[in-house]
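Protein chains in written order, with this note's numbering: chain A, 1 to 190; chain B, 1 to 317.
You may find that some hints are simply not true.
Quick list of in silico lysine to aspartate or glutamate cross-link-like pairs, DMTMM-like style, CA-CA up to 20 angstroms [as the list claims (entries may be wrong)]:
id, chain 1, residue 1, chain 2, residue 2
1, A, K159, B, E12
2, A, K155, A, E139
3, A, K148, B, E114
4, A, K67, A, E102
5, B, K113, A, E185
6, B, K2, B, D79
7, A, K108, B, E287
8, A, K178, B, E106
9, A, K174, B, E114
10, A, K178, B, E287
11, B, K107, A, E129
12, A, K178, B, E52
13, A, K67, B, E114
14, A, K108, A, E45
15, A, K175, B, D79
16, A, K177, B, E115
17, A, K174, B, E240
18, B, K244, B, E273
19, A, K159, B, E273
20, A, K60, A, D115
21, A, K175, B, E115
22, A, K175, A, E139
23, B, K107, A, E102
24, A, K177, B, E114
25, A, K177, B, E52
26, B, K107, B, E96
27, B, K107, A, D16
28, A, K155, B, E52
29, A, K148, B, E35
30, B, K289, B, E240
31, B, K244, B, E209
32, A, K159, B, E240
33, A, K175, B, E96
34, B, K113, A, E187
35, A, K108, A, D57
36, B, K97, A, E129
37, A, K174, B, E115
38, A, K174, B, E118
39, A, K178, A, D115
Rather than coming from a laboratory, the hints here were simulated on the basis of the structure.
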Amino acid sequence: MMSENRLKTNQPGCEDALNRVREMMSACIQCGTCSSSCPNVFAMEHVPRKLWRLLLDGRKTAVLNSKTYILCSSCYYCTLRCPRGLPLTTAMSHLTQIAGKENPGLFKESHAFYDAFLSSVETHGRVNETQFMALYFWEMKSPVLPLKYAALGMKLVSKGRITRPFLSLKKRSKKLKKLFDTTREMETRP
Amino acid sequence: MKYLYYPGCSLEGTAKEYHASSVALMTALDAELLEIRDWTCCGASAAPAVSELLSHVLAARNLALAEQMSREGGDGGPDILVPCSACYLNLKTVGEKVKTDIGLREKINTVLKEEGLEFNNFLNVRHELDVLVRDFTADIISDKVGHPLTGVLAAPYYGCQCLRPFIEFDDPEKPRSMEGLIRATGATVFEWNMGPACCGASHMSTKPEVGMHLVGNILRQAKDADVILTVCPMCQMNLEAYQKKVGRACDENFNISVVYLPQFLGMAMGVPETKTRLSLNLSITSEFKDKYRRLIDAPGILMPESGGSLQKENGYV
Chain A
1 MMSENRLKTN
11 QPGCEDALNR
21 VREMMSACIQ
31 CGTCSSSCPN
41 VFAMEHVPRK
51 LWRLLLDGRK
61 TAVLNSKTYI
71 LCSSCYYCTL
81 RCPRGLPLTT
91 AMSHLTQIAG
101 KENPGLFKES
111 HAFYDAFLSS
121 VETHGRVNET
131 QFMALYFWEM
141 KSPVLPLKYA
151 ALGMKLVSKG
161 RITRPFLSLK
171 KRSKKLKKLF
181 DTTREMETRP
Chain B
1 MKYLYYPGCS
11 LEGTAKEYHA
21 SSVALMTALD
31 AELLEIRDWT
41 CCGASAAPAV
51 SELLSHVLAA
61 RNLALAEQMS
71 REGGDGGPDI
81 LVPCSACYLN
91 LKTVGEKVKT
101 DIGLREKINT
111 VLKEEGLEFN
121 NFLNVRHELD
131 VLVRDFTADI
141 ISDKVGHPLT
151 GVLAAPYYGC
161 QCLRPFIEFD
171 DPEKPRSMEG
181 LIRATGATVF
191 EWNMGPACCG
201 ASHMSTKPEV
211 GMHLVGNILR
221 QAKDADVILT
231 VCPMCQMNLE
241 AYQKKVGRAC
251 DENFNISVVY
261 LPQFLGMAMG
271 VPETKTRLSL
281 NLSITSEFKD
291 KYRRLIDAPG
301 ILMPESGGSL
311 QKENGYV
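Same shape as in the complex, but just chain A (with noise of 0.2 angstroms):
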């Protein structure tokens, strides 16, 4: 049935990751319990109930550029009260994924920022706040943006709450390092 009208997409992968969302989504009934426990709802031009429909009835472009997705802050109320049982924030995280893929131009602030913090994973093993930020700050190329953080950063150093920079955990980043080639390279596999 989905294969009649697949979702096609401009990245190798995307159409299949799309199309497995579209069939996880199936069993919606448009009920709109999602979109009435939602803590987000108000700052989404789609609610959660109509970026499913506009995902069923193949409207590609509609969904991948909804705000809708990219403002899920996982509460998991969505998932908790779906009468069909349906992973609605795994969906919600998938459609990041493929956005992230397709076109990360468009809400680069999120996929900057997600990019930046597993980059400082897999070199050091831990998240280090200090290279994460400066990471980040530097995908955006905002000369403003780290002002906005200077004065928590202030403080945070001040109190001690920042992970030494560029802490040395050589042995364990090695072995992330390799963890995250393999997982990627499976990824790609078809």
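Following the hints, complete the assembly by docking chain B onto the known chain A.
Just chain B now, kept in the frame of chain A:
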């Protein structure tokens, strides 16, 4: 009681006081924490937003390391104690997922094998709040309280991920598990309905206007409480660090103390401030500090030099 302990990255940096107070509290409760050797990041909320497999592999690596330690112990246990709600969710999710998805476990183990690790999923992952309410119970904690926090109005804030989607120790919509612990300290439970509300998580960084709205709703409802108690580094940071900013945005004035639950329990049990690390918190009001000082300076009650409870030694029952 013995637990394998997964602190998570926040507890090494921005949530040092959560780590210190959790360790001190467990010591005072005569529990032993065995930190998982060579643990690494659980993937936080970043990995699930980038790659599903990566999020499972990162979490499973830590569980595999914990299993190694458990085998050395030879008794099939103990449970894994996790203070951070996001870490708890990630570690728990992979365990639940592989129960129904055999292929996923194989994939994970293909990656872990390169490091000589294998994930077999035989340990329980538990949130610190779960351990406190079900293993230690309010009664045991109440027996150890040396400085009753009488007259302190404490608002229990649970946040999302220790309650949902896995329903383990509390009602995911109307949680009450912290209330017994609050009463055990002698404090009064602040009745409100924002306990299980969302703090916005990383929205505060990436979509501040949305995050501030959520945090504002929580702080507004807590205005009449003396203190908000948290059980997650992300919730703690969101509620304590942006009060001025959020207040400016919604034309209100927020000045509310926010502390971690183990800090609060530690205060009541006589854990010294060098171990509850209250000085690291970003929002402790002078009223709250005064109230606490008056309570601990009350006659016959002394602050101990080292950790542990002091109830009986000082003739205080």
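20 angstroms Cα cutoff - pair A:K60, A:D115: This hinted pair is violated, its Cα atoms lying about 24 angstroms apart.
Pair hint B:K2 and B:D79, alpha-carbon separation not exceeding 20 angstroms: holds (8 angstroms)
Restraint check for B:K244 with B:E209, where alpha carbons must lie at most 20 angstroms apart: holds (14 angstroms)
Pair hint A:K175 and B:D79, alpha-carbon separation not exceeding 20 angstroms: violated (26 angstroms)
Holds or violated: A:K67 to B:E114, with C-alpha atoms at most 20 angstroms apart: Distance ~39 angstroms between A:K67 and B:E114 Cα, so the pair is violated.
Hinted pair A:K108 and B:E287, Cα distance within 20 angstroms: Distance of about 42 angstroms is beyond 20 angstroms: violated.
Straight-line alpha-carbon gap B:K113 to A:E187, limit 20 angstroms: This hinted pair holds, its Cα atoms lying about 17 angstroms apart.
Given hint B:E106 paired with A:K178 - CA-CA distance at most 20 angstroms: Within the cut-off at roughly 17 angstroms; holds.
20 angstroms limit on alpha-carbon distance, applied to hinted pair A:K178 and B:E287: violated (52 angstroms)
Hint consistency between A:K178 and B:E52 [alpha-carbon to alpha-carbon, up to 20 angstroms]: Holds, at roughly 17 angstroms.
20 angstroms Cα cutoff - pair A:K155, B:E52: With a Cα-Cα distance of about 35 angstroms, the restraint between A:K155 and B:E52 is violated, given a limit of 20 angstroms.
Agreement of B:K289 and B:E240 with the hint, judged by alpha carbon distance not exceeding 20 angstroms: Holds - the C-alpha atoms of B:E240 and B:K289 are around 15 angstroms apart, at most 20 angstroms.
Comparing the model with each earlier hint shows violations of hints 2, 3, 7, 10, 11, 13, 15, 17, 18, 20, 22, 23, 28, 29, 33, 35, 36; every other hint is respected.
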